[in-house]
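Novice: Spelled out from the first residue to the last, the chains are:
There are 2 protein chains.
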Amino acid sequence: MKILEDRILRDGQVLGHDVLKVDNFLNHQVDPMLMEEIGKEFHRLFKNEKITKVLTVESSGIAPAIFTGLAFGVPVVFARKHKSVTLKDELYTSVVYSYTKKTSNHIAISKRFLNEDDRVLVVDDFLANGQAVKGLIDIIDQANASLAGIGIVIEKTFQKGRQLIDKEGIHVESLARIKAFEDGKVVFVNDEEAEDAAK
Amino acid sequence: MKILEDRILRDGQVLGHDVLKVDNFLNHQVDPMLMEEIGKEFHRLFKNEKITKVLTVESSGIAPAIFTGLAFGVPVVFARKHKSVTLKDELYTSVVYSYTKKTSNHIAISKRFLNEDDRVLVVDDFLANGQAVKGLIDIIDQANASLAGIGIVIEKTFQKGRQLIDKEGIHVESLARIKAFEDGKVVFVNDEEAEDAAK
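Quick mapping for you: the protein sequence lines, in order, are chains F and W. Numbering-wise, the numbering used here puts 124 at position 124 of the first sequence, and it's gapless, one number per residue. Numbering-wise, the numbering used here puts 106 at position 106 of the second sequence, and it's gapless, one number per residue.
To be clear, the hints were calculated from the coordinates, so they are not data collected in a lab. A couple of the hints might just be wrong.
Same chains, same label: a pair holds when it works inside one copy or across any pair of copies.
To be verified - Distance condition first, Cα-Cα at most 20 angstroms in a straight line; then the derived EDC-like pairs of lysine to aspartate or glutamate:
| no. | residue 1 | residue 2 |
| --- | --- | --- |
| 1 | Lys-88 | Asp-166 |
| 2 | Lys-111 | Asp-23 |
| 3 | Lys-21 | Glu-90 |
| 4 | Lys-81 | Asp-138 |
Model the full structure from these sequences, guided by the hints.
Specialist: So this is what it looks like as structure tokens:
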């Protein structure tokens, strides 16, 4: 997605060799006009998947997910993060390990908001090691709902999340795919490479 | 706001004598179409206030705030909650006490995203005891920014938050104002009462 890549090049900050800071338009300060375009793009990419619900994790996933829900005209559910979980009878829960923070969080959603009739589109801001997505897929399985696809705003292809998902044969779309940070600069997977990979 | 009041009557759950659960359209499962209308309504109510930024707190404030930002065409910043705060040089921080959870959280925003030129609209899902709003006002003061107004989705007028804000002469708009829960039912402040109060 050209406007997203341009925005990453303009406003993203590369920290070390594997961190991209985009807190001025995506996950602290948020650009709602860009989020609206992201929602429309996910709709274009998944419009044949009969989506009934969009699922994400608080907090950074909410903005892109909510505009995706708007574009599809369906509800959005955000899983909540907890240090520990009580009231397990009412909740689907999973555990998400954060490589960045080196801690585990429980994520949970109320059983009332996901069921076997749902075709779920998972939306998240980043795909790196795939732990958040893995936790959400676990919850979708517990609810006997169907995973219809995964929409990622920014993917880091050099970390292992994408591999983990591709193994499962899931329909994944990432709006910006970063293959490396070189000398503090972002290098995107270009279209040719993407086509080669799809062959 | 009629569609919001109707939705509260239809889908809200009253718990005890002071809690309204709206987790099926506002703060866990979210209705993006309703959020879009809420954003437009805040724009209508504050359109003369020369808003440059919308400020809220994660996570439940994000959905209504992001559509308000869209309606104004301005960025949205969400304060992050932390148990403790490090890196204080880079952050404006405040402490928010939760009467429901009986715990204190720090809230923080990066100094890069708020400055003396900003005219800030604070948006939040609930106004009850006013502690979150108080923390956000504290942060706006620290940044020498101007507080242009406060937009609340659901206000409980029988708790002390509104009084606390009114004392300061701030422009506040609440889209649904609840004066009591009677026999498990929501009772709104009706328009006559609102006009009387304004006299």
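Novice: Work down the list of hints and note, for each, if the structure agrees.
Specialist: Right, here's what the structure says about each hint:
1. Lys-88 - Asp-166: Result: close neither inside a copy nor across copies, 31 angstroms intra and 41 angstroms inter.
2. Lys-111 - Asp-23: The answer is between: 12 angstroms across copies meets 20 angstroms, while 32 angstroms in one copy does not.
3. Lys-21 - Glu-90: Answer is between: at 15 angstroms across copies they meet the 20 angstroms cutoff, but 36 angstroms inside does not.
4. Lys-81 - Asp-138: within (15 angstroms within a copy, 26 angstroms between copies)
Of the numbered hints stated above, the single one contradicted by the structure is hint 1.
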